[in-house]
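Residue numbers (this note's numbering), protein chains in the order written: chain B, 1 to 379; chain U, 1001 to 1611.
Simulated restraints, written as ranges between beta carbons of each label pair: (1) U:L1578 x B:R224: 28 to 34 angstroms; (2) B:A167 x U:L1578: 25 to 31 angstroms; (3) U:K1577 x B:I26: 29 to 35 angstroms; (4) B:E148 x U:A1565: 26 to 32 angstroms; (5) B:E209 x U:R1519: 34 to 40 angstroms; (6) U:E1318 x B:E209: 34 to 40 angstroms.
No lab work stands behind these hints, which were simulated from the structure alone.
Ideal Cβ positions, reconstructed from N, Cα and C, are used throughout, including at glycine.
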Amino acid sequence: MDAAGLYIHVPFCTAICPYCDYAVLIAGEERRAGYVAALLEEMELAGSDRWRFDTVYLGGGTPSALATTRLAQVVGAVRARMALTDDVRLHLEVNPEDVTVEAARAWRELGVGFVSLGVQSLDDGALRFLGRAHGARRARQAFQVLREVGFDTVSIDLMYGFEGQDAAGWQDQLEAAAALAPDHLSCYQLTFHQGTVFGRRLARGVLAELDPEIQAELFRLTHRRLADLGYEAYEVSSFAAREAHRSRHNLKYWTHAPYLGLGPSAHSFDGSSRWWNLAKLRLWQTALERGQRPLAGEEALSPSELALESVMLGLRITEGIDLARLRARCGVDLVASNRALVERLCDSGLVVVEGDRLRPTLEGLAVADSLAREFELSE
Amino acid sequence: MPAGTGSVPLDRRVNNVRTFCIIAHIDHGKSTLADRLIQRCGAVEDRDFRDQILDSMDLERERGITIKSNSVTLSYTARDGATYSLNLIDTPGHVDFSHEVRRALLACDGALLLVDAAQGVEAQTVANMYLALEHDLEMVPVLNKIDLPAADVERVREEIESDLGLDAENAVLCSAKQGIGIDDVLEAIVERLPAPSGDPEAPLQALIFDAQYDPYRGAVLLCRVRQGVLRPGQRVRMMHSQSEHEVEEVGLLQLRRVKVDHLQAGAVGYVIAGIKAVSDVAVGDTITEVQRPASEPLPGYKEAKPVVFSSLYPMSNEEYPDLAKALEKLKLNDAALTYEKDSSAALGFGFRCGFLGLLHLEVVQERLRREHDLSLIVSAPSVRYRVTLNDGRLVEVDNPSYYPNPAEIAATAEPYIKVAVMMPERYVGPVMELCRERRGAKTAFNYLAVGRVELTSEMPLAEVLFDFNDRLKTVTQGYGSLDWELLDYRDTDLVKVDILVNGEPVDALAQLVHRDKARPRALHYCERLAESIPRQQFKIAIQGAIGGTVIARTTINPFRKDVTAKCYGGDITRKRKLLEKQRKGKKRMKMVGAVPIPQSAFVSVLKTDKD
Chain B
1 MDAAGLYIHV PFCTAICPYC DYAVLIAGEE RRAGYVAALL EEMELAGSDR
51 WRFDTVYLGG GTPSALATTR LAQVVGAVRA RMALTDDVRL HLEVNPEDVT
101 VEAARAWREL GVGFVSLGVQ SLDDGALRFL GRAHGARRAR QAFQVLREVG
151 FDTVSIDLMY GFEGQDAAGW QDQLEAAAAL APDHLSCYQL TFHQGTVFGR
201 RLARGVLAEL DPEIQAELFR LTHRRLADLG YEAYEVSSFA AREAHRSRHN
251 LKYWTHAPYL GLGPSAHSFD GSSRWWNLAK LRLWQTALER GQRPLAGEEA
301 LSPSELALES VMLGLRITEG IDLARLRARC GVDLVASNRA LVERLCDSGL
351 VVVEGDRLRP TLEGLAVADS LAREFELSE
Chain U
1001 MPAGTGSVPL DRRVNNVRTF CIIAHIDHGK STLADRLIQR CGAVEDRDFR
1051 DQILDSMDLE RERGITIKSN SVTLSYTARD GATYSLNLID TPGHVDFSHE
1101 VRRALLACDG ALLLVDAAQG VEAQTVANMY LALEHDLEMV PVLNKIDLPA
1151 ADVERVREEI ESDLGLDAEN AVLCSAKQGI GIDDVLEAIV ERLPAPSGDP
1201 EAPLQALIFD AQYDPYRGAV LLCRVRQGVL RPGQRVRMMH SQSEHEVEEV
1251 GLLQLRRVKV DHLQAGAVGY VIAGIKAVSD VAVGDTITEV QRPASEPLPG
1301 YKEAKPVVFS SLYPMSNEEY PDLAKALEKL KLNDAALTYE KDSSAALGFG
1351 FRCGFLGLLH LEVVQERLRR EHDLSLIVSA PSVRYRVTLN DGRLVEVDNP
1401 SYYPNPAEIA ATAEPYIKVA VMMPERYVGP VMELCRERRG AKTAFNYLAV
1451 GRVELTSEMP LAEVLFDFND RLKTVTQGYG SLDWELLDYR DTDLVKVDIL
1501 VNGEPVDALA QLVHRDKARP RALHYCERLA ESIPRQQFKI AIQGAIGGTV
1551 IARTTINPFR KDVTAKCYGG DITRKRKLLE KQRKGKKRMK MVGAVPIPQS
1601 AFVSVLKTDK D
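Please model the complete structure; the sequences and the hints are all you need to start from.
Spelled out as structure tokens, the structure:
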């Protein structure tokens, strides 16, 4: 198996953001201790001999909300029980309110190289709307602390595309974030999910989605402006100052590389099968306490399902679909079986075909979801 | 003894038979009253009972309409101590099926005229009552829903007397829903409706008033024996179609078929005679005996002629054989439906079908969907035009694809109908305006009673096909009701409007319309399509054109972004499944060039208002 990614889902938050649909909860020390114990149990069950990891990603939830001692326990166990490559990269998601010099030093000590800072916005009004626990000042301070303590890559997460936002306002935000000179930016458009506070507000008509035309404009603005500021897009929402700062871990998802997910709701993929964990902390934990794998579901992917995913994911990244790999893995000759379509998409400037790659242009990235619908995937 | 009467003694007690139907406006409670009569006479155990028991199709129950005629023979012991056989013949209520109503009425000796005590006399009541009067049926007015707070028995009595010219003094009062007055209704049937006349010794004359299809037995004919006797083993002849059959079985309909030895003059029952399909029998035909034929058939025979034509295409071409089979099956049970092969450049193979009206079209489409799981595209309905070519030849055209080259056309004519709308007086203005919009001529109205008006207008049938009934309901807030009959063909100025999607004509959307209506109709189509065709990554132009001249146009702008922001490990399976679902949905759309057109788009163009 190719070098894989290890994902560890930390389900704890100090407050639940009204837009978030991940498996998260607010819990006390006792449950956190129980979680860590169960996580160590899951590492035992996972069968580490199959896997060799070159990335470890602590996501959530809010991993930074976990005491550094508990984080150290988790990372220590990973190092002790999992096969890691020499150049393994540790990726940590942190929230500004959790960033102190001490904490940051402790994370560094654990070997964390890539830190994603959940800034979301540098505008206090927007932060209040998003239900965040921090203000813009705290976010800036946190960034400076991370810089001073020193990580290979410091990334800023931003959100945009909510009601009332216009191009000028969003451009200010982008420029303010870029002025901090992060190595990486993730810019997510706000999505309304059922079952979240925002989802309910949307259903009640208290909240509205931003006009799709404006969304489209903001999306292009993000890509154009960040390109001007020296950040190259490598995925729909991901921008890096240099190639070395790209998220090696996240790229695994988009290139169909194998990954192992631990923790409630985490998904795993070994190149042909995918399985996912029980999403509720209690259920996940109970299964592990009984010595059982905490599975909620699994599927073996057929060649056509693999092909569809390859196309769907490949159209999200600027390096595009690896046509030779698709042919080898799934027996699909994508261009040959979609001649007229590819010609039309090339003519309308949505994709380009270069060698063994079919790559989306910026316009193509913007409509990646519907492009994936178009392709015929017969062998 | 004459041949054919056999040795079984004939039942002379025809005095104890009553054959009747219930005439009512939709919603006035006809099916509920029928249910109560059936329950009261114990024809069905309570635990087997379900509402609208005579409507056997799910579709009939759901829409609260009766499409096929049905009949049931009830046994009722009256207050005079005698036991009566009551034949209740259930008739369709909708104007599209007035032909069926006519035939069913011919089988009856009397009718209950059921009127909602709150709503009063309505258009259909009047129309069907006239039909009943034409056939000399004895009528008993019954006021239903007397338990409603809004019931106004005196006003409705007056309406019956003034609008219908019937004596309402002895109207029976009931509430079918509450079971009030049901015995009074039964007594009135026995006392006030006539017993059948007819001589069991005379040559056989039996009227076929409907036919049902049984997958094992073939056509099951519903008939009323007027003269003579029907019994198994008889050689019989259909007097109109001249076909001959041997009677296999006769019986009574008592919610299920109950075999009997014979059906004699006055009886209503069924006949099975080795006839394969319902379409092999002409409903309205008269059955007589080969050995001793009647001198002439009973009245009632009239070919059910389709007046609305539309093409049905399966969503996917692989379903074409299934559609063919399904139509064949429907035809077994629906003699009025006609169909022949058709093909469309845009939609592939399909069938051109003829219907009695738009409701009939809807019912057929719905039955194909439910009973045969077929999802269909229905082309714009058309009437049958008469086109005179320059060389003098007359051709009939009901399919825009076969419309001759305009340069070769000398004249065109279209069918006209006489429309009758009944409504409260206050809607006269808007309805006259609606008739004017729809090219109505000789529009006139007269008062049926204080505050109630009947408006008549001569109007092209094509104008009524396209959403007239919907618009009528809107402008009269649901109070207006419509009836119509064919008049004749009149000269018209016809054009063919093509609908083009990104320059490609979609033949199933083409239509023949009056020149004055071409532009608004084309615009309506363009706008509806623009609403229902999903945006693509490219711009879509939708145009309406006559020949090469564009007369209407809309544009669907491309969407500029649809990519979801986040796609991490957990989302991939779910996201792929969503994508698979969308791809399946797209496969069910019809591709016109690179533009996928959903089935809903073909449906949406036929509707006026946004739902």
